[in-house]
Structures are given as C-alpha cells and as structure tokens.
Amino acid sequence: MFKKILVIFSFVFLSLLCFFVSAAQYEEEVESGVLSIYFQDENVGYEEYTWQSDEMGYLLSVKGRMTKPVDMEIHSLILRLDKSFIPLQFNFKFSVGGVVQEISSLIVDGQVENTLHVSGQEYKSTVKIKRDAFLLPNPVFSCYMVVAKKFRCHLQEPVELSAYIIPLFEVPLSLEFDEESPCSMILEVSGITMEMETDDEGSLKFLHSPAQKLKVYKQNP
Numbered sequence: 000m001f002k003k004i005l006v007i008f009s010f011v012f013l014s015l016l017c018f019f020v021s022a023a024q025y026e027e028e029v030e031s032g033v034l035s036i037y038f039q040d041e042n043v044g045y046e047e048y049t050w051q052s053d054e055m056g057y058l059l060s061v062k063g064r065m066t067k068p069v070d071m072e073i074h075s076l077i078l079r080l081d082k083s084f085i086p087l088q089f090n091f092k093f094s095v096g097g098v099v100q101e102i103s104s105l106i107v108d109g110q111v112e113n114t115l116h117v118s119g120q121e122y123k124s125t126v127k128i129k130r131d132a133f134l135l136p137n138p139v140f141s142c143y144m145v146v147a148k149k150f151r152c153h154l155q156e157p158v159e160l161s162a163y164i165i166p167l168f169e170v171p172l173s174l175e176f177d178e179e180s181p182c183s184m185i186l187e188v189s190g191i192t193m194e195m196e197t198d199d200e201g202s203l204k205f206l207h208s209p210a211q212k213l214k215v216y217k218q219n220p
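Position one of the sequence shown corresponds to residue 0 (numbering that gives the first Met the number 0), numbered consecutively onward.
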C-alpha cells in the first residue's frame, strides 16, 4: 500500500514539475505603451500598442489617431510574427477622411496574399517579397518596434534588409548603428533617413524622420 501511494505521489510530483517547467518556457512577455506623434513640432496624434510573445512567436496590436500630415484613425492593427520575426499575418482596419478601409494579408514564404476592402468593394493582389522583409504600413509607427525588438542594442555593423510598404511595394531598408550610442540606429527606407532609439528590451523609445518633419516619442508610464 505504501509503495502504491509513493508511486502515485511521484507521478503527481513529476506532472506538476513538467507543468511548471512548461509554463516557464512559454511565459508571455507583454509590453504596452503609448507613442506620441509630432509633426512640425505639433502634437498631432498617438498610437496605443501592445507587444506580446507566446509559444507561436510575437503579436503586435495597435490602435490610435492622427490629424497631420494625414487625417487617419487606426481602428485596429494586428501583426503576427514567428519567433524569428518573420511576418505571418497582418490585418489593418483604418479610416482616412472618414472612409473606412481594411487590409488583410496572409504571408507564406514571402508570398503575400492581400485583400483590401474599401467603399463596399473588395480588391485582391498577390505580391512576392523577401521572406524576412519588415512590414511597414504607412503611416503607422508602432511597426518599427519589430526592428527594435529584433536588433535591440546589439547591432554591431550595418545591415541591408528590405521593407514591404504594405500593400504597395517592397523597398530597400538599411540599418546602421550609432557608434556613440549602441541603442541608437540610423535607418534608411527607400532613400528616407530616420533615427531610431531603443533599449535592451527592444522598446521603441524615439523615432525621427527629418525629411518628413515627424517625431515619435514613447510616453513615460
């Protein structure tokens, strides 16, 4: 009888141990915050974001509002990535000038199936991009967090990548670290130079596009 109880106890103990180990392995990382958007030094909008990790990879959710240089409301933006920051799914519902539009994209090995809904009409397109291209819908700034999360403060030398300005076209994207500040990067997206600041956690602290007269700051908690 004692041996039977001991066996049952051991089984329960091992089951609990496996459960807690598994839970530790898949513990979610969740970061929420607000980005303030400035155009020509005027506060023109915000983006509320949530970044979380799970056993599948990463999920970025965004909503917000801006009045300049484009009058746009972000009703919902959802970007799903795998553990290597490869984009898998994208959904973006927004309105410009009061007209509601929605873009849904499914990405498999660099092939993007886009579906656009606007004014009761549906449009479909298929685009081939580099598998590791960053999705940068214009003008949403929270998606630059994917770059920050991937490289954090560890970029040691310039890299040449690509960005998909969804759902339009793919453009070159180059990254170069700032020698004076390892958490600062210089981005060049299709000829437009931008400055980005992150931290060891990969938060998007600051984004500046001098040519577009745009600055984005992460609000302090």
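If you're looking for bench data, these hints aren't it; they were derived computationally from the structure. Hints should not be assumed to be uniformly reliable.
Taking lysine-lysine and the DSSO-like style, the derived pairs with C-alpha atoms no more than 27 angstroms apart in a straight line are [said to hold, decoys possible]:
no.	residue 1	residue 2
1	Lys62	Lys204
2	Lys62	Lys92
3	Lys82	Lys149
4	Lys217	Lys204
5	Lys123	Lys204
6	Lys67	Lys204
7	Lys212	Lys82
8	Lys62	Lys149
9	Lys82	Lys217
10	Lys123	Lys92
11	Lys82	Lys67
12	Lys123	Lys212
13	Lys82	Lys62
14	Lys214	Lys92
15	Lys214	Lys127
16	Lys62	Lys214
17	Lys217	Lys123
18	Lys67	Lys127
19	Lys123	Lys214
Do the hints match the structure? See the list:
1. Proposed proximity of Lys62 and Lys204 is supported: the alpha carbons are some 18 angstroms apart, at most 27 angstroms.
2. Restraint check for Lys62 and Lys92: satisfied, since their Cα atoms lie roughly 9 angstroms apart, inside the 27 angstroms limit.
3. Of the supplied pair hints, the one linking Lys82 and Lys149 holds, its CA atoms being roughly 10 angstroms apart against a limit of 27 angstroms.
4. Distance hint between Lys217 and Lys204 is fulfilled; the C-alpha atoms sit about 5 angstroms from each other, no more than 27 angstroms.
5. Proximity of Lys123 to Lys204 is assessed by CA-CA distance (about 36 angstroms); at most 27 angstroms being required, the pair is judged violated.
6. Of the supplied pair hints, the one linking Lys67 and Lys204 holds, its CA atoms being roughly 21 angstroms apart against a limit of 27 angstroms.
7. Taking the CA atoms of Lys212 and Lys82, the gap is near 34 angstroms; set against the 27 angstroms cutoff, the hint is violated.
8. Taking the CA atoms of Lys62 and Lys149, the gap is near 22 angstroms; set against the 27 angstroms cutoff, the hint holds.
9. With a CA separation close to 24 angstroms, the supplied pair Lys82 and Lys217 stays within the 27 angstroms bound.
10. A hinted pair counts as satisfied when its Cα atoms are at most 27 angstroms apart, and Lys123 with Lys92 qualifies at roughly 16 angstroms.
11. With a C-alpha separation of about 35 angstroms, the suggested pair Lys82 and Lys67 falls outside the 27 angstroms cut-off, and the hint is violated.
12. This hinted pair does not check out: Lys123 and Lys212 have alpha carbons roughly 33 angstroms apart, beyond 27 angstroms.
13. Taking the CA atoms of Lys82 and Lys62, the gap is about 23 angstroms. The hint holds against a cut of 27 angstroms.
14. Distance hint between Lys214 and Lys92 is fulfilled; the C-alpha atoms sit about 23 angstroms from each other, no more than 27 angstroms.
15. Restraint check for Lys214 and Lys127: the C-alpha separation of about 31 angstroms exceeds 27 angstroms, so the hint is violated.
16. Among the hinted pairs, Lys62 with Lys214 is consistent with the structure: their alpha-carbon atoms are about 18 angstroms apart, no more than 27 angstroms.
17. Of the supplied pair hints, the one linking Lys217 and Lys123 is violated, its CA atoms being roughly 35 angstroms apart against a limit of 27 angstroms.
18. A hinted pair counts as satisfied when its Cα atoms are at most 27 angstroms apart, and Lys67 with Lys127 does not qualify at roughly 32 angstroms.
19. Restraint check: the Cα-Cα separation between Lys123 and Lys214 comes to about 33 angstroms, which exceeds 27 angstroms; the hinted pair is violated.
When each numbered hint is compared with the structure, violations occur for hints 5, 7, 11, 12, 15, 17, 18 and 19.
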